[in-house]
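This is what each chain is made of:
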Amino acid sequence: MKSPYQNTHQLFASDEYKNTLKEQILKNFFHNPIKHMYLYVDAWFNFAFGTKNNPLYHLGSLAFFLLWIVLVSGLYVFVVFDTSITGAFQSVEAMTEQWYLAGIMRSLHRYASDAVIAVVLLHIIREFSLDRYRGFRWFSWFTGTPNLWLMILLGISGYWLVWDQLAQYVAIGSSQLLDALPIFSGAMSRNFLSGNLSDRFFTLMAFVHLLGLPVMLVFGLWIHVKRLTKVEVIVPRGLAIGSFLALLILSLIKPAVSHEQADLSIVPSVLNLDWFYLNVYPLLDYFTPGETLILAVAISSLLMIMPWLPTKRTPPAVVVDLNHCNGCSQCFEDCPFDAISMQARTDGARWDMEPIVDPALCAACGICVGSCPYSNPSRRSETRLATGIDLPDQPIHQIRTATKTVLTELSSSKVKIVIFGCNHGIDLTEINAPDIATITLPCTGMLPPAFIDYTLRHGADSVLISGCRSQDCYYRFGNHWLEKRIKGERTPILNKRVNREHFEFVGYAEIDKIQLLKNIETIRQRILNEGQS
Amino acid sequence: MKTGLRYILQTINYSIFMLIVWYFSVAPAYTHLDVCQSVVVLAFGHAGQSVSKCRKRTPEELAALPPNMRNPMICPRERSPIEVELLLDDKLLFTEIFNPQGVSGDWGVDVYRRFNVPSGKHNLKMRLKDSVRVKDFNYIYEVDVDLKAAQLLTIDFQPEKGGFSVR
Chain R
1 MKSPYQNTHQ
11 LFASDEYKNT
21 LKEQILKNFF
31 HNPIKHMYLY
41 VDAWFNFAFG
51 TKNNPLYHLG
61 SLAFFLLWIV
71 LVSGLYVFVV
81 FDTSITGAFQ
91 SVEAMTEQWY
101 LAGIMRSLHR
111 YASDAVIAVV
121 LLHIIREFSL
131 DRYRGFRWFS
141 WFTGTPNLWL
151 MILLGISGYW
161 LVWDQLAQYV
171 AIGSSQLLDA
181 LPIFSGAMSR
191 NFLSGNLSDR
201 FFTLMAFVHL
211 LGLPVMLVFG
221 LWIHVKRLTK
231 VEVIVPRGLA
241 IGSFLALLIL
251 SLIKPAVSHE
261 QADLSIVPSV
271 LNLDWFYLNV
281 YPLLDYFTPG
291 ETLILAVAIS
301 SLLMIMPWLP
311 TKRTPPAVVV
321 DLNHCNGCSQ
331 CFEDCPFDAI
341 SMQARTDGAR
351 WDMEPIVDPA
361 LCAACGICVG
371 SCPYSNPSRR
381 SETRLATGID
391 LPDQPIHQIR
401 TATKTVLTEL
411 SSSKVKIVIF
421 GCNHGIDLTE
431 INAPDIATIT
441 LPCTGMLPPA
451 FIDYTLRHGA
461 DSVLISGCRS
471 QDCYYRFGNH
481 WLEKRIKGER
491 TPILNKRVNR
501 EHFEFVGYAE
511 IDKIQLLKNI
521 ETIRQRILNE
531 GQS
Chain Y
1001 MKTGLRYILQ
1011 TINYSIFMLI
1021 VWYFSVAPAY
1031 THLDVCQSVV
1041 VLAFGHAGQS
1051 VSKCRKRTPE
1061 ELAALPPNMR
1071 NPMICPRERS
1081 PIEVELLLDD
1091 KLLFTEIFNP
1101 QGVSGDWGVD
1111 VYRRFNVPSG
1121 KHNLKMRLKD
1131 SVRVKDFNYI
1141 YEVDVDLKAA
1151 QLLTIDFQPE
1161 KGGFSVR
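The listed protein sequences correspond, in order, to chains R and Y.
So for the first sequence, our numbering puts the first residue at 1; every next one is plus one.
So for the second sequence, our numbering puts the first residue at 1001; every next one is plus one.
These aren't lab readings, by the way, just hints derived from the structure by calculation.
Treat the hints with caution; some may be incorrect.
Calculated pairs, BS3-like style, for lysine-lysine (alpha carbon to alpha carbon, straight line, at most 30 Å) [stated by the list, open to error]:
no. : chain 1 : residue 1 : chain 2 : residue 2
1   : Y       : LYS1161   : Y       : LYS1148
2   : R       : LYS496    : R       : LYS518
3   : R       : LYS226    : R       : LYS312
4   : R       : LYS35     : Y       : LYS1002
5   : Y       : LYS1148   : Y       : LYS1135
6   : R       : LYS513    : Y       : LYS1002
7   : Y       : LYS1002   : R       : LYS52
8   : R       : LYS312    : R       : LYS230
9   : Y       : LYS1161   : Y       : LYS1135
10  : Y       : LYS1002   : R       : LYS484
11  : R       : LYS226    : R       : LYS35
12  : Y       : LYS1125   : Y       : LYS1148
13  : Y       : LYS1002   : R       : LYS518
14  : R       : LYS414    : R       : LYS496
15  : R       : LYS513    : R       : LYS22
16  : R       : LYS52     : R       : LYS230
17  : R       : LYS487    : Y       : LYS1002
18  : R       : LYS414    : R       : LYS513
For reference, chain R alone in the conformation it holds in the complex (with noise of 0.2 Å):
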């Protein structure tokens, strides 16, 4: 449709637009406005902590740094700690007596575990509310429910090992839902009556929390990120620091403590929860053992089949054409999602190696054709644009000829910018404006630096991409690879003689359209500067 306005100035300064603007912003902040308050914290936290440092870009790798204090301090409070019935509750409250270090551990060791569970709660909600569990990312999601599961039980044997009265309610609790299960036939929660208890519980419990689920976390959290490359697990230094202080400064304000001791002769009344692990506990006052143990896993089950509910359709995986492949293993290198590998040439070309795409895996992100050498719009060899990998349903030649359409659209224009974007980030079919022209990718980690050099010889006063936020592209790598190309820190680099002030790669969120219009703005202005200067 034709714009009624000359130009993105007057566009943007119109009451229509602007009033369209703020209606879509509303209307999609209810759309899902749990998506979007993460959003603005984002943006928030982005201004606080650096885009480098802003923890919610780091959910991940902070729960894995999380969990190596949880270890450090765990060694140590092991080290002090005594597996017996009489000893267990003495050894812990000496510990918290020595407040200057071993009263510190403790007190790490659990705040640093409630905040793993925190974090983890922030990352499910975040994947889920940004789309990021469906379709090709469906194994992380199903995989992450069970360590969930493996993280809470890890804090709940814990909670059993310092054997006050919190621990006497949480194993007699567990000991019911344990006894719910056909292999118990009813026989453990007896074992908690007074006088029936034996050191040997301690012994089997330290073996369960020290070793048995441990064990099974780290198998749990390797086969979490099988299908990622790459993966984030050393948190950035800064955010490091700020929680390891945080966690330490708690622990110093507000040491962790325990009830009285365990008195298996009396029931316990009122209980300080942590409500982080032991939130299941209150259920068994209002329902069965066994209906707990239903719904609980009813709720887990729910959750490990979200990524069908409804499924996500993934566009079809992207082809190798080993005629113009030369085996250079960028895309191989490039894929944010293990699909690609390597292997032996087939074709009896020169080169050693060739490209193989594992469908299953593949995002249909684009990156890997970025990344390929001969996906160089200005190959002249050739009337359609063939590359060494490459999107059926958007081709690079299709994005070459695009390109090339819009350009002719805006020959007769003033000032002619155009931008490209991500599916994303901003919608850019909204922004329709004479001397403005759009094309829209996967991911703006599939666009060839060759193509900014391109566009602006074939006519284009200034090029501007529009990728996801800085640190939190979508498809993990895209706008990354893309700037360390466009540095020429990453291959295929951005020829050298290619003005920088004629382009432009920016990070945004569809939350932050204002930001890019006036970007646009005074990018437009600059070209009408030059032109008059």
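Following the hints, put chain Y in place on chain R, whose structure we already have.
Structure of chain Y alone, referenced to chain R:
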């Protein structure tokens, strides 16, 4: 200035997060048992008596068996259900029939039931029937108790020690 402001904002954000972590690690407090209540737990493991008595095999039955399996006595594996009643101050608190477990119904049952009751003096009556071959309850026990607040009273059943006991 901007760096200083950022550090201040970071401190605020870390503080909010740690406040949430601390709060939910201990609060809100949960009242598991009201102040003026006590708990009675009925907990025992017991296998009911066989559904019928052992009997001698007839000569014909013995002859039909292989020589190495000619046990003169035949005892049925199936156990009787266990019927339990618990009365507090002559009011029925609990009654249930526990069927024997196992494919052949030859396993015992494990019972663990918890009851919150008002603290104070009470009369407790327990009845148990563990045989289909008797008409009425074959174990009966009655006791007066004075339960303190939050006290846990355990009712056990061990036939080899005479049946019910409380502690």
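Quick rundown of the hints versus the structure:
This hinted pair checks out: LYS1161/Y and LYS1148/Y have alpha carbons roughly 27 Å apart, not beyond 30 Å. Between the alpha carbons of LYS496/R and LYS518/R the distance comes to roughly 28 Å, so the proposed pair stays at or under 30 Å and holds. Restraint check: the Cα-Cα separation between LYS226/R and LYS312/R comes to about 21 Å, which is no more than 30 Å; the hinted pair holds. A distance of roughly 28 Å separates the Cα atoms of LYS35/R and LYS1002/Y; the hinted pair therefore holds under the 30 Å criterion.
With a C-alpha separation of about 37 Å, the suggested pairing of LYS1148/Y with LYS1135/Y is violated against the 30 Å cut-off. Taking the CA atoms of LYS513/R and LYS1002/Y, the gap is about 25 Å. The hint holds against a cut of 30 Å. Between LYS1002/Y and LYS52/R, the direct Cα distance comes to roughly 16 Å. Compliance with the 30 Å bound is thereby established for this hinted pair. Using a Cα cut-off of 30 Å, the hinted pair LYS312/R and LYS230/R holds, with the two alpha carbons roughly 25 Å apart.
For the given pair, LYS1161/Y sits about 23 Å from LYS1135/Y by alpha-carbon distance, which is consistent with the 30 Å threshold. For the given pair, LYS1002/Y sits about 27 Å from LYS484/R by alpha-carbon distance, which is consistent with the 30 Å threshold. Straight-line distance between C-alpha atoms of LYS226/R and LYS35/R comes to about 26 Å, which keeps the hinted pair within the 30 Å bound. With a C-alpha separation of about 19 Å, the suggested pair LYS1125/Y and LYS1148/Y falls inside the 30 Å cut-off, and the hint holds.
A hinted pair counts as satisfied when its Cα atoms are at most 30 Å apart, and LYS1002/Y with LYS518/R qualifies at roughly 23 Å. At most 30 Å may separate the alpha-carbon atoms for a hinted pair to count; LYS414/R and LYS496/R meet this at roughly 27 Å. With a C-alpha separation of about 10 Å, the suggested pairing of LYS513/R with LYS22/R holds against the 30 Å cut-off. Of the pairs offered as hints, the one joining LYS52/R and LYS230/R holds, with about 16 Å between alpha carbons and a cut-off of 30 Å not exceeded.
A hinted pair counts as satisfied when its Cα atoms are at most 30 Å apart, and LYS487/R with LYS1002/Y qualifies at roughly 26 Å. At most 30 Å may separate the alpha-carbon atoms for a hinted pair to count; LYS414/R and LYS513/R meet this at roughly 24 Å.
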